[in-house]
Structure formats: structure tokens, C-alpha cells
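Visitor: The chain contents come next:
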Amino acid sequence: MAATITPLLEYSGGTLAREQVGLWRDGLRRLRRNRLALAAMVYLILLAIVCIVSLFWTPYKPNVVNTCPTYSLPGTPGHPLGCDELGRDTLSRLMVGSQISLAIGLITAAIVMVVGVGVGLLIGYLRGVVDAIFALVINVFYGVPPIMVALVLYVLLGPGVINIIIAIAATTWMDMARLVRGQTLSIREREYVEAARAGGARTRTILLTHIFPNALGPIIVQTTYVVPAAILTAAFFSFLGFGVPAPQADWGGMAQEGFSPLLSGFDPYMLLFPAIALSVTLLAFNFLGDGLRDAFDPRQRR
Amino acid sequence: MTRGTLIYIVQRLGIIVLTLLVVSFLVFVVVHSLPGNAFISQRVHGKSLQLLLHEYGLDQPILIQYWNFLKGAIHGDLGVSLYIRGEEVTPLVLRELSVSCELGGAALIVTIGLGMTFGVLAAMRQNSWVDYLLTSFAVIGYTVPSFVIAALGIMVFANFLGSVTNGTFAYAAVWTGTYGTIGELWLPALSIGLYTSGQITRITRASMLEVINQDYIRTARAKGLKERVVTIRHALRNALVPVISILGTTVVGILVGVLVIENVFGIPGLGKEFVDSILQHDYNVTVGVFTIFALLIGLSNLGVDLLYTLVDPRIRY
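As given, the protein sequences belong to chains A and B, one line each in that order.
The first sequence runs contiguously to residue 302 in the numbering used here.
The second sequence runs contiguously to residue 317 in the numbering used here.
None of these hints come from the bench; they were simulated from the model.
Note that the structure is a prediction, hence the values are computed from the model and not measured.
There's no promise every hint is true.
Derived CB-CB ranges, DEER-like [said to hold, decoys possible]: (1) B:L6 to A:G128: 29 to 35 angstroms; (2) B:E88 to A:V64: 47 to 53 angstroms; (3) A:F56 to B:S245: 34 to 40 angstroms.
Using N, Cα and C, we set each Cβ at its ideal position, and we do this for glycine too.
Using the sequences plus the hints, can you model the full thing?
Guide: This is the structure:
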């Protein structure tokens, strides 16, 4: 009786039942209707292109000093965004700075996703003592602002982009683990998981092929929010003077360098451009996150 | 207050004490294993360095050092500063705490004032231009970093306003004295408060929208009550529980804001001291600041949970 199943669609004549679509097509369709999220995506694609271009070409070498008089204002011939206190071209440094922000945001999010999902799945599935210990650790950990812990950790590890990423990931994976734990706790009670268990599936198979795919919506959404959070934390570090090591350009560090010319009142643009780049990027990731949440995780919609 | 509530408070205080112990121990160990120390930064070397390390007990095993720190901390003595040698940490940190509380308190007023007003207004005018304006404002508030808002504020109120009015109405961006003046306080407070008020606006709006469709709101309107009374006494009061539940997060947000903004405006509070003490390897001060932050967060979370019972008498512990 292999080929005798009649598709429901033909039968219903298109008026009673809606076309059945999967999570991905349904989500993408809803995402495409969200104009703000689309605009954010366009901006982020442009940013990615700028980032890739800056790997090979910038108008000037970003770390070469005295390409024009120091503190040149925007509009100086050949330097549309002016120069900083060492005469380095602001536009070139802004382009290169996108590498640091994107690297920190995306790699941190990737680490947080892998570690958080792994730990969350295990804790949610095993429950018992492991879960109790995790709850205690989380309670203690949330007793201080994570950014302070990350800062001390970063100072301990020493300067460098990789260490920033480690410090931020080490203090943000718990949120993801807590989310996945909650999802796992509810999904593991569903009938299909029970069926898989009754069928003799191994724990690993149940976790990876039954529970994980069904918790994917909230995981994607949470990951999108980790990206701007990591970029923001790294920018705070730079602004407090614990940033990426010196000549390397990053937006937080550029903003910090621009602060004293702003206070003295003669060149606000050194701060303005990196600040705008940073803020717009953060906004774009947040809008994309909101769009994804509405598209893939309708229950959490506010 | 019932007996159950008392037991609950005692339990929570126990967890706070546990948190303080764990946090202070971890930070103590981590800070002491940072490369270098306060004396090397001050170019003390050789024999005199050994003498100083011995005098401050820094040559002992880390566990003994922590035990000595704990013994002092129980009596309210957080040790002495290593950077300004001999300066007592406890009075130093308490003075800075009062400065940070001034700033944080002002930021909290901004947060709750702006956040709840905007949230209620946006909900009452749902899907109008007022709603769109206020919700966009909230989104911008919690995405744009606080130091950017502070910088824009300085640009507009110190530089632009100063040059337009020839310096008559200009914001003085440099904090003078320990506590500053209201004229200096408002911009730092606003920079912190805009971030946290964005969250409050969102929650208040969502919660109000849920409440205003309830039957008792229609009843209140049908009784002929004024719209203002319906909004504030009937709707807002019932919409408050979710708003209060994120106040704990708000306090953490304000503390992070204090950390950054104090360093922007040079305000002599805990946030500035935290960053300085790490740079100067002033172990006792770093641990002291961490401990006070942990205590503040623990107590404010407890306060938030007790506030629930005031707003919604159905919640009991």
C-alpha cells in the first residue's frame, strides 16, 4: 500500500486547510513581511561587505600616521571623514574597526551557542543533582554584574581579541544554558520523545535528533541577541581603557580616543563616527533579533 | 508581616551571605593572581619590595590571606589600600558608595519616571504616532550605548549650547567636588536612565495593553469614572506586577551604567574606583567594590520580591 496515500491538499480544494509549510519556510515568510528586520538585514549585509573589503583595501593604511594634518575635520580633500589625533584616516580605521566588532559579536555568539546548548540540553535532560548545582551556580553568578566579572577575567587573561571573546563568552553562556534547559524540560515530556525512548533510542540520539531541533527557534533568537550584547560589552571595555591592544582600530577604542577632543570642543567627529557605526550596528542586530523572534518563536511575541 | 514572610526573608538573607562569600573568595583569588602588584607599578623593587609585601601580608598563602580578609570584613574592616598606602578601604568605599548612590538614585528616578510615563502613554494611544514615537525612543534608549548618549549630551548641551549662548547656558562636563551639583548630575543620570527606561517602557506598555482589555476596566469606565482615574488607579496598578519583576534587572543595568558613566564624567564613585583599582592592582579595594555591588544587587532583588506583596496582596511567601 505504498503509493495509495492521497495528499490532503488536493482533497480540501484549497479553502479548508492551509498549505502545510515547515518551520523554516513559515518563519522566512513572516520575516520577509517585517520591514524593519529586512532593513536591518540589508544594513548587516552591507556591513559584512565593508568588512570583507577592508581586509584587502582601505583608502589609506589604517595604522599609518600623518596621512593628513592631525584632527582634520570631515571634508578634508582625500579624507571624507577627517583624521584623528595622529593623522590617521578615520574612514579607513572605521572600515577596519568593523572586523573587530563583527568578529567579537559572531564568534562569541557561536561559542555561547555551542556551550550553552550543550550544557542546557544535558542539565534539562538529566535533572536531579546536576540541575540543582547549576541553579545554585547561576544564583551566585547573577549576584554581580556579568560585565564586571568579564572585565576582571579579561585583565587576568591579558590583552587580545581572543581573550575578549573568551571573557565575554564565559560570562554569557549561562543565559543560553538556562533557556535551553527550560526548553528541554518541557520537550522531554512530549509523546514523540517518549516514543523514541520506548523504541530504544540512545540518550544522545534523543537529545540531538528529537529535542534539539524542536528547541531551535528560541535558540536562534537568543543567539541573535548575544551578538549585539557581546559587541556592546567589548565597546564598554575599550571605552574604559581595557580594549584591543593599541594600533588596532576598533569602534569602542576610537570613540574613547575621540572623547577628549569632544570635551575640549574642537573635534566632535572623532567620537561621532565610531559612535554612529556602533549604535546603528547594535540597532540592526536588535531589530533582526526582534524580527526573528516574531517569525520563529511566536509564543514569546510581546 | 506573617511568620512565613519572616522565614522567607531570613532564607533570602542566607543566600545573599553565601553569594557574598563565594563572590568575594573568587574575586580575591583572581585579583591576587593578576600579573604584577601595586608596589611594582610604583617602581619598588628588591629588598624594599619584599619588606612591603611582608608588611601587608601579601607573602602569605592565598587562603590565609583570604581568611584574614574575612576576619576583618566581619568587623566591617575591608583592609587598607595598597596604592594610597595605609588608607582604610572601608571609609573610602563607603564615601564612594554614597556618590554612586546619588548618581544611581537619580538614574532610577529617570528610569521609573520616564519609563512608566512613556509606557502608559504608548499603551493608551496604541498604534498612533505617539505610540510609534515612544516605542522607537525606547528601542533607541536600550540599544545605543550609554557613553554615546553621554557624548551626544555633551555635544549638544556643553559645546553647541555654550557656543550659541556665549557660555551663559552651558553644561559643565567636569564633575567638581565629591557630590557635584544638580546642574552636573542630570546628564550622567539621564545617560544611564535612558537605557534602563527603555526596558521599563516596553514592559509597561505590553502589560497595560493586556490589562485595559479586561472587564473591570470597562466597568470602571461605565461607572463614569474619569479617564485619568481609570488609567492610574484601575489599569496601572494591576499592570505593575510585570514591571516590578524586571526592576531587579533594572538595578543591575543601572550599576553597569554607573560603572561606565562615572568614568566618562570623572565622578569619584564606586565605578571609577573599580576601574582604577584594577589598573593600580589595589586588591583590597577591588574586592571591596565587588562585595558592595553584590550586596546591593542581593538586597535590591529581595526588596523587589517584597514589593510584589505590597502591589498584589494575593502573592504570599
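Visitor: Which numbered hints are broken by the structure, listed smallest first?
Guide: Per hint list: single violation, 3.
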